[in-house]
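> Whole structure, please, built from the sequences with the hints as guidance.
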Amino acid sequence: MFVATLVHTPELCLARKEFIPETRLWIDGMEDSAKKLGVKVHGAYSCPTEHTLYFVLESDDFKSITAFFSGIMLTNNNGRISPVNPIKVSAEILIK
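In this text, residue positions in the sequence shown follow the numbering used here: the first is 223, and each later residue adds one.
Note that these hints are calculated values from the structure, not bench results.
Don't take every hint at face value.
[Stated by the list, open to error] Here are the simulated DSS-like pairs of lysine-lysine, each with C-alpha atoms no more than 27 Å apart in a straight line: (1) K285 - K262; (2) K318 - K285; (3) K310 - K262; (4) K285 - K257; (5) K258 - K285.
Please read all numbers here as calculations on a predicted model, not as lab measurements.
Structure, rendered in structure tokens:
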């Protein structure tokens, strides 16, 4: 599992007129792209006032996650992609 946090400046906002065509293309193709890459999208969220996007993703490898965020998602955002475990799994590993 991975949690991705993508942040952009207001100047690079995906909702700006000049970015809307590419943004729509990415959003409309998100599910197909994920399926092709073997990525399961558990959730995709935005906080427009903070210019931040959040994704909860599942994949067997980081390479697929990177490929999923191609195009405008990489060029207009700074990202942090964190591998995560369900809390019970982490507890089993860390609390013995």
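> It remains to establish, for every hint, whether it holds in the given structure.
Cross-check of the supplied hints:
no.: 1; hint: K285 - K262; verdict: 14 Å, holds
no.: 2; hint: K318 - K285; verdict: 32 Å, violated
no.: 3; hint: K310 - K262; verdict: 21 Å, holds
no.: 4; hint: K285 - K257; verdict: 14 Å, holds
no.: 5; hint: K258 - K285; verdict: 13 Å, holds
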